[in-house]
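Engineer: Using the hints provided, position chains G and L relative to the given structure of chain A.
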Amino acid sequence: MGYPHKSHPRETAVLSKHFGDPDARSLDGWKKRGGYRALEQALASQPAQLVDTVKQSGLRGRGGAGFPTGMKWSFMKPGDGKPHYLCCNADESEPGTFKDREIMRWTPHALVEGCAVGAYAIGAETAYIYIRGEFDEPIRRMEAAVAEAYAAGLLGANAMGSGKRVDVHVHKGAGAYICGEETALMNSLEGKRGNPRIKPPFPAVSGLFSQPTTINNVETLAAVPHILNNGAEWYKAMSLSNPKSTGTKLFSVCGNVARPGNYEVVMGFPFKDFLYDLCGGPPAGRKFKAIIPGGSSVPIQTMEEAEATLMDYEGFVAQGTQLGSGGVIIFDDAQSMPRMIARLARFYAHESCAQCTQCREGTAWTTKILERIVDGQGTFEDLDTLLSIAENMTGKTICVLSDSCAAPVVSGLQKFRHEFEALITGKRTSKVAVAGGAAFAGAATP
Amino acid sequence: MTAPAMVNLTIEGRPVSVPAGTSILEAAKAAGVLIPHYCYHPGLPVAGVCRMCLVDVEKAPKLMPSCATTVAEGQVVRVHDDKSLEARKGVLEMLLINHPLDCPICDQSGECELQDYTFQEGRADSRYREPKRFNPVEDFGGDVLYVPNRCILCTRCVRFMDDVQQESALCVAERGDRAVIAKAPDADLTQAWAGNVVDLCPVGALLSKDFLNKARAWELDRAPSICTGCSQGCNVTLETRDNAVVRIKPRGNPDVNAFFICDEGRLNYRWMNRQDRCLAPTAAGTECHWDAAVAAAASALNGKRAHIVANASLGNEAFFLLGVLAKKTGGSVRFTVPQGPEALLPGVEDLALRADRAANAYGAELLGASRADDPYRGLGAGDTLVLVDVDPASVPAGALAAAGRVVYLGTVVAAGVKAAAVLPIANIAEHDGTVTNLRGHVQRYFQARPAPGHARPAWSAVADLLIALKGEANFLTAADAFAAMAKAHAAFAGMTFDQLGTRGAAAAGATAGAGR
Amino acid sequence: MSAHGTAPYEAVFVGKRKADLDAILLRYPNKQAALLPALWIVQEVQGWVSEEGMAEVAKCLDLTPAYVKGVVTFYTMYHQHPVGKHFIQVCTTSPCLCAGADKVTEAFLKHTGCNELGVTSPDGKYTVIEVECLGACGFATPVQINADTIENVTADKVPQILAGLK
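Protein chains in written order, with my numbering: chain A, 1 to 446; chain G, 1001 to 1516; chain L, 2001 to 2166.
Isolated chain A (complex conformation) (with noise of 0.2 Å):
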């Protein structure tokens, strides 16, 4: 299967197998597929169990930072007497990425599975589903399959008949990008204001509720079940570049390129490949120019660092970015990049939550900034200002959506520094069709 086209040759299915079958998303279908072996499995071994295979298999977090998921499981010590909580972070916001999504609107029982095991190997009996209020389709399919798994007796006080708890619940959210940031989720989900929170202490010391927690992506918790079903050593054997970056990773493809959509492959697959054979190159007429790889927090690189990148954790550092949440964007040579970056830093404005300064006020002023430059009315000038407010905005603030902004920013400087320049001199017209304050205060609050 596949959606939105037919998985191709090159890709690795695990995840995106049943994508784009209906039938996968009904209890019945997903057990027809294997569904809740895993979980049966799992509630009867022993929760150090579990955590020890994760850890094998090599599993890291599938949502931007990379964390060994094992690893994090492993701080939440068993017997210390306090409720354990399992988040699943389904906050899917980062622009480009939709991966999250797709998991969700086909395979609904995979997630409700990955949180119940999940939750029993860290010793929770609790599980939340945090996901982004706009997500409606996904909330709704996430929301049937818990009542289902519910009705079949497989989650609530006596899961699977094991005698244990394991209960899982759908949270909404209600449109704030930071509440992807694991502190800023946990505050959404206890009903304050999506502030990230400052670490220490950690969640595995004090989460949700103050209580000990786990937080995951959702890919992450998806992909526990095929670990257990099919062995860490299966997972560990699926990478073509280095021991370090495991398992497959489904990767969001939009933008300017011939197919967009979700590509399952395995970790260390050839970034050039990925781009022009599995999501068939650029548009007809154009070619590709920049590319975003990890969502848009990460830096931009040229084609030139793109075609040489092997796509994984450490693949894309070497290339000077990262791979974040697997969410490429891509501009052909018909984009004007300061347009696009301009766009990218009302996004962070416009969702910065407002505690730190540096973050409130320099993610808005580097939006005024950069509308102005495309809109002619820049200086030279302006450039050094932006890179210095850059430099002001990272490393400084309690998250890093400060950073995320900067990011595009200084690197879209350093290698697009001309097409900033030619708008500077008037030579090449270039416009923001829909800046300005009355639009931003418009997308703001209706």
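Just so you know, not all the hints are guaranteed correct.
Only pairs whose alpha carbons sit at most 30 Å apart, straight line, appear in this in silico DSBU-like list of lysine-lysine [what the hints assert, rightly or not]:
id : chain 1 : residue 1 : chain 2 : residue 2
1  : G       : 1209      : A       : 199
2  : L       : 2016      : A       : 192
3  : A       : 172       : L       : 2018
4  : L       : 2125      : A       : 164
5  : A       : 192       : L       : 2018
6  : L       : 2110      : L       : 2157
7  : G       : 1083      : A       : 415
8  : L       : 2157      : A       : 287
9  : A       : 415       : G       : 1089
10 : L       : 2085      : A       : 192
11 : A       : 17        : A       : 236
12 : A       : 272       : L       : 2085
13 : G       : 1029      : A       : 199
14 : A       : 272       : A       : 77
15 : A       : 244       : L       : 2110
16 : A       : 55        : A       : 32
17 : G       : 1059      : A       : 77
Negatives, chain A to chain G, calculated, CB over 10 Å [claimed, not checked]:
id : residue
18 : 193
19 : 281
20 : 307
21 : 349
22 : 395
For the record, the hints were derived by calculation from the structure and aren't laboratory data.
Ideal Cβ placement from N, Cα and C applies to all residues, glycine included.
Structural biologist: For chains G and L alone, coordinates are given in the frame of chain A:
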């Protein structure tokens, strides 16, 4: 209790040893280094949002927020290095890009931390060329006015209401650079302690409506004092302009009031500026020399029992000497305590606006005066009624008629009182002294401005009376009178003015701990 | 207190909806955690979250209206003003912008008669806003109309989409 382990570290090259768990910011204070900050306040939970207090901690990969980073053994912290300084400059520039820079018309000017730090180490220019954000001024109710354009979103006010007043009347609304402080409609800031948000605000965003446009900060003279509004004895600063008290601000004291005062106390100063002051001594209704009035008063008391009714906010020194006078004449000292509703500040242990609305009832009792609902009961026909700082309008006509003679020591004119002698006395803003709060904490207040006319401190007037009655009361200063009291009364044994300082000390046998 | 309408406020959490909220409360260890779900219910019933709505939720969950306001205004999906019957959100973040989302926005503004972002059309039927990343970048341009997301919207499809709205 075992003392917490001490941690040794170096801040700006200065070695310092602080208890484990201390923040770098507090440790730096102990080392004599001020790390600039906005959102941090020792009386509030840490927010870590202004990012002003970032410092360089050796081996840390990036600058650390000193308010939210605890000390570690052997840590080496730099505050004034280039990296930290550049970071602070960056924050200051960002805080100012949307700031109206209206210092010339801002009440906070002169006591504004944004102004101070910008002058200290901010950029001389701004690189901001875009339009500034604008939001209208909002009346938050109570005594609080909000000027959003000056707000730096440090959230001290929100945290005070959430965690100290414990009634979440304020919030940060919206997000990003649209964020402002807001309240719900129909929910004014009328909580008993809400006015503290004005003091907590490091900039001119939250202003006192009472003080609005009254004075510039640099025109004010300041003296440490004690609020006389209730028996809590909150430490305050009296601020005067041209010798008029124009504002009361809280003064931190961990033993009494942490960092706060209630709104009732804050706004309770106009009486200090009353215009109907008693300015001149009189004898038999005629203005005269101080000594002549003292002689007339002494003669009125000679051989008579003194029935003394005193204001329960008078200083310990006055109550001490009134006690001596009562003893000498076989009389008594009585006082009444006005009552009002109590208002706790939930976030601070044992801090409240107390039902007893006077400053020194506890001290008065320690010094032998007695509390009475009707302090005039038992006034004998042959007695001399001595009124000390008692509102003349409150004295029952019957009592005046019953008394053989009246001696009036007062701050305001003795309207309706036919006194054998009148001695003008100073109010609390006009002399030095001490009061004792409800937990027995003895605290000094300092003179904030000269007394008007011929007025003298009450203790001094009573001392003169005692001398005239052949007693021994030759004191030059309040400290002398206090020393004599400390000798005579066990509760104050060993105390001196110097030792009390501006923080005070617990009277012997007192249950300390208020405000902790 | 709201600037909109003069009709008296009708409580949301009565009868079945009160029972729904009680059921939601069981999922969390404290009442406050039910704040976002409770606000969703208010918006579902009333179309937006008014100051009175915030006050009612505050009362149900032992919070203060100011606290609730801080939360409501943080999340962009809670409407602080009434919106049109069809609330149209066009994703215009860079991945969609480079695929022509600005043209889609223009088309919606034109064909709904709204003309301006965030302003409800004179007939009260439509409100069009730009929205930040809807998380469907591979299906540019995604447009969310009330609860439904439509994928691969282009400017020329807009009249047909509007005609299909009931």
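Engineer: Next, verify each hint and record whether it holds.
Structural biologist: Quick rundown of the hints versus the structure:
no.	hint	in the structure
1	1209/G to 199/A	39 Å, violated
2	2016/L to 192/A	26 Å, holds
3	172/A to 2018/L	19 Å, holds
4	2125/L to 164/A	51 Å, violated
5	192/A to 2018/L	22 Å, holds
6	2110/L to 2157/L	13 Å, holds
7	1083/G to 415/A	27 Å, holds
8	2157/L to 287/A	27 Å, holds
9	415/A to 1089/G	28 Å, holds
10	2085/L to 192/A	29 Å, holds
11	17/A to 236/A	19 Å, holds
12	272/A to 2085/L	47 Å, violated
13	1029/G to 199/A	23 Å, holds
14	272/A to 77/A	43 Å, violated
15	244/A to 2110/L	52 Å, violated
16	55/A to 32/A	28 Å, holds
17	1059/G to 77/A	29 Å, holds
18	193	7 Å, violated
19	281	38 Å, holds
20	307	31 Å, holds
21	349	6 Å, violated
22	395	4 Å, violated
When held up to the earlier numbered hints, the structure conflicts with 1, 4, 12, 14, 15, 18, 21, 22 and fits the remainder.
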